[in-house]
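**Student:** These are the residues of each chain, in order.
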Amino acid sequence: MNTNTSSVGAFLKKYTMVLALVAVAIFFSITTQGKILYPQNLNNLISQNGYVFVLAAGMLLCILTGGNIDLAVGSVVCFAGAIGAVMMQAGINMWLAVLVMLATGLAIGAFQGYWIAWVRVPPFIATLAGMYAFRGLSNVVLQGYAVSIDNKSFLNVFGGGADCYVPDFLGGGTLNLTCLVVGIAVAAIYLVMTLRKIAVQKRMGIHQSSVANFIQPAIISVLIVWATWKLAQYKGIPTVLIWISLVLLTYNYITTNTSIGRYLYAVGGNEKATALSGVNTNKVYFFAYANMGLLAGLAGILTVARAASAQPTYGQGYEMDAIASCFIGGASAYGGTGKISGVIIGAILMGLINQGMSIMGIDANYQRVVKGIVLLLAVMFDVLSKREKR
Amino acid sequence: MADILLGMKSITKTFPGVKALDNVNLEVERGEIHALVGENGAGKSTLMNVLSGIYPYGTYEGDIVYEGEVCKFNNIKDSERKGIVIIHQELALIPEMTIGENMYLGNERGKKFAIDWNTTYAEADKYLKMVGLTESSKVQVKTIGTGKQQLVEIAKALAKQARLLILDEPTSSLNEEDSRALLDLMLEFKKQGMTMIIITHKLNEVAYVADKITVIRDGTTIETLENHGPEPISEERIIKGMVGREMTNRFPKREGVKIGDVMMEVENWTVHHPLYPERKVVDNVSINVRKGEVVGIYGLMGAGRTELAMSIFGQSYGVNFSGKLKIDGKEIKMKKSEADAIRHKIAYVTEDRKGNGLVLSQSIKVNTSLANLNSISSHTVIDKDKEYAVAEEYREKLSIKTPSVEQLVGNLSGGNQQKVLLAKWMFAEPDILILDEPTRGIDVGAKYEIYCIINDLAAAGKSVIMISSELPEVLGMSDRIYIMNASKMIGEMKAEEATQENIMAAILQSGRGA
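Quick mapping for you: the protein sequence lines, in order, are chains A and B.
Residues 1 to 390 (the numbering used here) make up the first sequence, in order.
Residues 1 to 514 (the numbering used here) make up the second sequence, in order.
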């Protein structure tokens, strides 16, 4: 059955979006004369899109439960950020403000989750209601004005202002040594863990597809070192990258290694069968949406930190960026399939297209057109590749 | 004399990597009922899809000769225009629409922008009468039972001026009575000159209606049997062709049967319909099952068997429960929770493996562990190596045919899916297993394997309740048989006393009494 052509086909299918990402990167490298890969641009790519990674991780969990989305996240980002900004302007301790922002997000998520999980209000409607309500409340909290944030340590920790980078403890001069060392260390740890996993699986006699198992980690390690080397030439590790990494690692773990993660996939795949397996499916929905709220709170923190202010218009359209990243990253619009690694690729692809076109000087309105086309193409491919199977 | 209506000559259909049909030949005479039998995955449905144009001309090799001319169908519409109409296994009616709307869906009467509803309903009523339905074509499909829905499907086919009717597993969702009525209807149509092809797993039906039987195995035609003699063809003869060997015993013998104490007792169990709470779906039922015993529950579809089973399993069906549930002599106050039932060591293996049983988009591994994830995880973190080992263990134990336990369940055949479903519930380590139609829609070979698994479970001291609407299966497998009809338990028999006749007699009697 496994003829050579079908394994090439399987490879293409599995790595379509990676290949698309590579193609887009090459395209922009040419059209921008390599500017897109400048250290500063790479840095901006991460800093500007921090919220996308964080929101998309949460959105993936909602989508897994059956293609359900959360439309309210943009408004929640704004609302949580607004509360924090007002608190800090009043001189309240930044960590207390951070805690309140996260709690606000979580509470909103739990509130919406309650209606979705137990009352079974369709998620689209429950979160559409939230989208209106919290946009309005943000305006109320901010009284229609921008509130600036001048708490330096808040900005530094959450990726705003000029000093939001991990300081170079190793004193590398023009090259940020700490950044590079961290990158190499992370790549090394990753490699060792992967090799150990392969070894354990081999011992247990789990089927291996040999070569691919080594190529993929090797490429990822090289990319990590390459990225940190680039960043080291600029200002080092942006603090927001730490938050992004933390979120992505955590949610990758949750989706792949925990029972709640497993239940998310199971509910999206067949809710009735999951319920009959003794799983309380209401709790699964509730978890997905409460968690989405929490991450919206975190994204709110990152957003107001980056802008060093809160404004009633912040966060508009963020939900769509998150949703698009998930679908471009291969999550099924019917639920049950999707991965954090896919979400990462989806978010980077979107960010890269934005940035590439900005550098090329393309009008922002056209950028949206292109983003729309990319989303359509990605989902179209997903649907078509599934149809082929029959 | 042979007046060949349809000839399919040397049909070969290849999918990427698989030859689904290899040089298949099929000849159907005008006015006969031709049965197509074979195990799951043998290629019956593929062949019918070729015939009806779902796989268009050019994607297969060989010729379809219909009424003397070679046909090149590009889609279903093409074949339907010639009078070849296929009725699929799954009912394809839209519950919210009326019978008439359903019958003429895609085939509307009147003009494109002005449907002629009077003609629609008048014609629909005419065809409904032909299939023996007295319902008005203006009632919604959801208000009639599955047996009648199947008849509506046939009326719908007739409305398309069918001259060759293909019925794919027409009785798979019907009870014995409705099945018989349907088969008789087919014989009636035959008298009027209709030609039919029936695909079915139920060999007694084949022997009853078919004039000729073509056996397909592994994508090739094995033989075509005649069924004209005074004695209907024996089922063993057909099975021989299907599996390629003689199957002398369709039900494996149990060895060293040791039946112990009563494990579970259900007393005066009453359950009401979730949507119409005034209606009782289970009415004052009492049953028990002992350790190491296989108890069969026989009843027609809609008798309340599934409702009984699901209501015992954590009240997963129904409302307003009353009655007692005792496990190991102790009365259990069970909450409305499937998890609670699993904690009390009850497993319910659903009759609807695709709808209620399996997550088709996930692997065998994930499905196997789903009902008992806690046992392979600590603090909600799954030990994936352990999980793999468990899935492997059950794959071997139940001989699930798959290259790897990472295979998606949706890609497996029905029999293997059923085994995965069993694996999942065996891994939940229950003491009491309620198996609801454990062999529905799977082939003879896989059935035998499932029976062996059931016997092993009983031998290991588990209590097994097997719900089935196939009488031979209930008779062949059970130590004791309960008979259910119209929500009530109407009889209990030891295996030695039970026969096909006295079970059916019991049901008929209770029907008259009510």
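None of these hints come from the bench; they were simulated from the model.
One should not assume that every hint holds.
To be verified - Here are the simulated lysine-lysine pairs, DSSO-like style, with alpha carbons at most 30 Å apart:
1) A:K13 with B:K19
2) A:K235 with A:K14
3) B:K19 with A:K272
4) B:K330 with A:K13
5) A:K272 with B:K280
6) A:K13 with B:K258
7) B:K336 with B:K258
8) A:K14 with A:K202
9) B:K386 with A:K339
As the list claims (entries may be wrong) - Each pair of labels, with its calculated beta carbon distance range:
10) A:V119 with B:E429: 28 to 38 Å
11) B:K77 with A:A333: 48 to 58 Å
12) B:N268 with A:Y132: 51 to 61 Å
13) B:N74 with A:V370: 31 to 41 Å
14) A:V370 with B:G7: 49 to 59 Å
15) B:D328 with A:I220: 47 to 57 Å
16) A:F214 with B:D456: 24 to 34 Å
Unchecked claim - Below, a sample of chain B positions facing chain A; criterion: calculated Cβ distance under 7 Å:
17) N227
18) V381
19) T402
A virtual CB, placed ideally from N, CA and C, is assigned to each residue, including glycine.
**Student:** Can you confirm whether the C-alpha distance between B:K19 and A:K272 stays at or below 30 Å?
**Tutor:** 35 Å, violated
**Student:** Okay, A:F214 versus B:D456 on CB: inside 24 to 34 Å?
**Tutor:** Distance hint for A:F214, B:D456 is violated at roughly 42 Å.
**Student:** Does A:K202 sit within 30 Å of A:K14, going by the straight-line distance between their CA atoms?
**Tutor:** 23 Å, holds
**Student:** Within a Cα-Cα threshold of 30 Å, do A:K272 and B:K280 meet the stated pairing?
**Tutor:** 23 Å, holds
**Student:** What's the verdict on B:K386 and A:K339, does the C-alpha distance respect the 30 Å limit or exceed it?
**Tutor:** 22 Å, holds
**Student:** Hint check: A:K13 vs B:K19, CA-CA at most 30 Å. Holds or violated?
**Tutor:** 23 Å, holds
**Student:** Looking only at beta-carbon atoms, does the pair B:N268, A:Y132 fall within the given range of 51 to 61 Å?
**Tutor:** 53 Å, holds
**Student:** For the restraint on B:V381, tell me whether the closest CB of chain A is nearer than 7 Å.
**Tutor:** 6 Å, holds
**Student:** Measuring from the C-beta of B:T402 to each C-beta in chain A, is the shortest one below 7 Å?
**Tutor:** At about 11 Å, which exceeds the 7 Å cut-off, the nearest Cβ of chain A leaves the hint on B:T402 violated.
**Student:** Holds or violated: B:K336 and B:K258, Cα atoms, limit 30 Å.
**Tutor:** Between B:K336 and B:K258 the Cα gap is close to 33 Å, so the pair fails against 30 Å, i.e. violated.
**Student:** Take the C-alpha atoms of B:K330 and A:K13, compute the straight-line distance between them, and say whether it is at most 30 Å.
**Tutor:** 56 Å, violated
**Student:** Starting from the range 28 to 38 Å, see whether the pair A:V119 and B:E429 falls in it by beta-carbon distance.
**Tutor:** 35 Å, holds
Against the hints set out earlier in the document, violations occur for numbers 2, 3, 4, 6, 7, 11, 16, 17 and 19.
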